[in-house]
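Enquirer: Please assemble the complex out of the two chains, which come individually in their own frames, going by the hints.
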Amino acid sequence: MTKVRVLVGTRKGAFILSADGKRENWQVSGPHFAGWEIYHLKGSPADPNRIYASQSSGWFGQIMQRSDDGGKTWFQPGTPPGEPAAPPNVPKGESNKFAYDTSAETGKPLTSHQWYDGTQHPWEFKRVWHLEPSFTDPDTVYAGVEDAALFKSTNGAENWHELAGLRGHGTGPQWQPGAGGMCLHTIILDRKNPNRIYIAISAAGAFRSDDAGSTWKPINQGLISQFIPDPNAEVGHCVHHVAMHPSRPDTLFMQKHWDVMRSDNAGDRWHEVSGNLPTDFGFAIDVHAHEPETIYVAPITSDSLHFVHEGKLRIFRSRSGGNEWEPLTKGLPQSDCYVNILRDAMAVDSLDSCGIYFGTSGGQVYASSSAGDSWFPIVRDLPAVLSVEVQTLP
Amino acid sequence: MIRVELPAHLRTLAHVGGEVRLEIVGPVTQRSILDALESRYPMLRGTIRDHDSLQRRPFLRFFACAEDFSNESPDAPLPLEIASGAEPFLIIGAIAGG
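Chains A and B, in that order, are what the protein sequence lines are.
Quick note on numbering: numbering that gives the first Met the number 0 labels position 112 of the first sequence as 111, and the sequence is numbered without any gaps.
Quick note on numbering: numbering that gives the first Met the number 0 labels position 94 of the second sequence as 93, and the sequence is numbered without any gaps.
Bound-form chain B, shown alone (with noise of 0.2 Å):
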C-alpha cells in the first residue's frame, strides 16, 4: 500500500483526514502515483498537474525519503521505500507567494 500526504487545501478538497493509501499494480512511479490518487480522487483532476499535458503545477514538489523528485522523469521507479510503503510520498505547496 503506498502512503501519499497532501498539502491541507487538497486534503479538504478530497474530503480525507490524514494520509491517503493507494493500491498501485505495476512500477511505483510518479505518473503511477498521481493516476491512482485521480482515479481514486477524481476532484484533485488538475491541482496537482495539468488536466492534458500532465505537466506537474508550478508550485508543487514532490519528495520521496527526503529528496526533491520533481523534476524527476515521472515515470522513474521512486525508492523502494516508498513502494514498500515504509515512507509516504509528498506533495507540498512551495514556499511562494510572498
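If we strip away everything but chain A, and leave its shape as in the complex, we get (with noise of 0.2 Å):
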C-alpha cells in the first residue's frame, strides 16, 4: 500500500513523520540529530530508503548524515560509527569538507564577493541549506552552500566537489548576502534533461546550467528589486525561492523577497503574476504534483514584519498558473497567529489526491490531503521548522 513520508528539519533535530496512503494516522520519529540545526533533508527518488540530511551548529560546523534504510539509522558517509582509526592515505571525515575550488583548471573562480558595507569579502563556508538527490543515481548528490556555491558528490556524500563554473561565471563579485546569509537555496534538476540544473541564491537571483554544472547564466530579466540601484540588474535578486513542474520543465514559478514571478522560457524572461495576493512577500512555493498550472504560495505580511497577514495562517492556491488566487483556510487558524513558512518548508506529494505539506516556525506541520482544500496538523509542537520534504512510497 502505498505510503507517505515527510522529512521535516527544526532548529534543533529532525523529525520523521509516516503514514499510509490515506494520510490519517500519523507516526512520529525524532528527534533526530537533537539539538542540531537541520537546514533539510531529502530522499534519494532512485533508491527512497537513501536519505540526505544536513545537520549542524553555530559551535560545531556542518555534518552531513546519511541514511539507508529510511531514516531509521543514520551514519556520517564514509566514516561508519565504531570504525577504527583511518587507514594510512584513505581520506576519512570528508563528508563534512566544502573546500571551494581556486584550481587553475577550473578557471581559479573569484574568492570575494560583495559584502554588507559594500567592500569585498572573502567566501567563507557556514552551511549546507538544501540537498537535491540525483533521479538516478542514489550516490549522486548536490548541495547548496553559504556562502553560495554548489556541490557535488557521486559517491554518497563521502566527498564533495565545487561545480567552480557557478562561482566563476563572472558576477560572483556583485553577489551579496541576505538578511539570513548569502545561501545557495534551490536546486532543481530536470528529469527530462540530466545537462540541466537551475539555482536559486539570496541575494543574486537564478541561474541556469544546460551542460550539467559546467557553465552557467543568470536568468533574472523581468525582475524588478526597488532596493538595489538598478532595479533592472542582471545579479543581485532576492530570489527566495523556485518551484517547478516535472513536465513543464520550461515554466519556473518563483517567490521573490517581493513578487510572486513565472518564467515560461526556462528563466530567460520573467513576468509578474502576484494578482490578488493580499501580500506578495513571502518565501515557500510550490507546484501541484499533476496539475502544472496549480500553484501554492504562503504570503507573509513584509520584509519586516516575517509572519502571516493579517494573523491568518492562509496558504493560497492558483489554479490558472498564477494571477488570479485563493485563500486556503479550512483547518488553519485565522485569528492571532504570528507564524512563518520557510523556504524550504513546503512540499507536495504524488497521490493521486496531491497531499500538500508545510511547516511553520511555530513548530506545526499541516497537511492537506486534499490539495489545499482542508487542512489538518500532524503535530503541533515541534521547534521551528525549516525544511520539509515528502516522499511517496510504494
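None of these hints come from the bench; they were simulated from the model.
Where a beta carbon is used, it is the ideal one built from N, C-alpha and C, also for glycine.
Here are some, though not all, of the chain B residues that point toward chain A, as calculated from beta-carbon distances under 10 Å:
1. P6
2. L9
3. L12
4. E37
5. Y40
6. P41
7. M42
8. R44
9. T46
10. I47
11. H50
12. D51
13. R56
14. P57
15. L59
Expert: Right, dumping it as C-alpha cells:
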C-alpha cells in the first residue's frame, strides 16, 4: 500500500512523519540529531531508503548525515560508526568538508563577493542549506551552501567537489548576502534533461546551466527589485525560492523577496503573477503534483514583519498559473496567528489526491490530502521548522 | 595515556560515552592531541577546528588544569598533568547563543 514519509528539518533536530496513503494516522519519529539545526533532509528518488541530511551548529559546524534504511539509522558517509583509526592514505571525515575550488583547471573562481558595506569579502563556508539527490543515481547528490556555491558528490556524500563554473562565470563579485546570509537555497534538476540545472541564491538571483553544471548564466531578466541601485540588474535580486513541475521544465514559478513571478522560457524572461494576493512577500512556493498550472504560496506580511498576514494562516492557490489566487483556510487558524513559513518548508506528495505539506516557525506541520481544500496539523509543537520534504512510497 | 573530555554533541558524533583516551607519541600539545583525536575519530574532523586552516572554531574553548589555553599556540607544550593523564584536556562549547 502506498505510504508517505514527511521529512522535517527543525532548529533542534529532524523528525520523520509517516502515514499510509489515507494520510489520517501518523507516526512521529525523532528528534534525530537532537539539539542540532537541520536545514534540510531529502530522499533519493532512485532509492527511497537513501536520505541525506544537513546537520549544523554554530559551535561545531557542518555535518553530513546519510540513512540507507529510510531514516531508521544514520551515519556520516565514509566514516561508519565504530570504525577504528583511518588506514593510511585513505581519507576519512571528508563528508563534512566543503572546500571552495580555486584551481587553475576550473578557472580560479574569484574568492571574494560583495559584503554588506559594499567592500569585497572572502568566500567562507558556513553550512549546507539544501540537498538535491539525483533522479537516477542514489550516490549522486548536490548541495547548495552558504556562502553561495554548488557542490556535488558522486559517492553518496563521502566527499564533495564544487561545480566552480557557477562562482566563476563572472558576476560573483556582485553577489551579496541577504539577511539570512548568502545562501544557495534552491536546486532544481530536470528529469527529462540531465544537463539542465536551475539554482537560486539570496541575494544574487537565479541561474541556469545547460551542460550539467559546467557553465552558468544568470536568468533574472524581468525581475524588478526596488532596493538595489539598478532595479533591472542582471544579478543582486533576492530570490527566495523557485518551483517547477517535472512535466514542464521550461516553466518556472518564483517567490521573490517581493513579487511572485513566472517564466515560460526556462528563466530567460520573467513576468509578475502576484495578481490579487494580499501581500506578495513570502518564501515558500510549490506546484501541484498533477496540475502544472496549480501553484501554492504562503504570503508573509512584509520584509520587516516575517509572519502571516492579518494574523491568519492562509495558503493561497492559483489554478491558472498565477494572477488569480484563492485563500485556503479550512483547518488553519484564522486569528492571532503570527508564524512564518520558510522557503524550503513546503512540499507536495504525488498521490492521486495531491497532498500539500508545510511547516511553520511555531513548530506546526500542516497537511492537506485534498490539494489544499482542507488542512489538519500532523504535529503542533516541534521546534521551529526549517524544511519539509515528502517521499511518496510504493 | 591522554584523557580528553568532549562536549556532549561531539561524544554523540564520535559514538563514545565518556572520556576519550588517546596514545600520543612525542610532545603533548593542543595540535598533537587534536591530530590524535581526529585520527581515531575522523567523524570529528571539522567540528573542533577548520578542515584546512586548523583554526579553532570560534565557539569552542580548550581548558587544561583550570586554565584557558584557547588562545595559546597550538604547539605549546601542555601541563605535565595533561601529558601524564592525571588531568583531562577539556574541549568545551563556549557559553554563547543567548
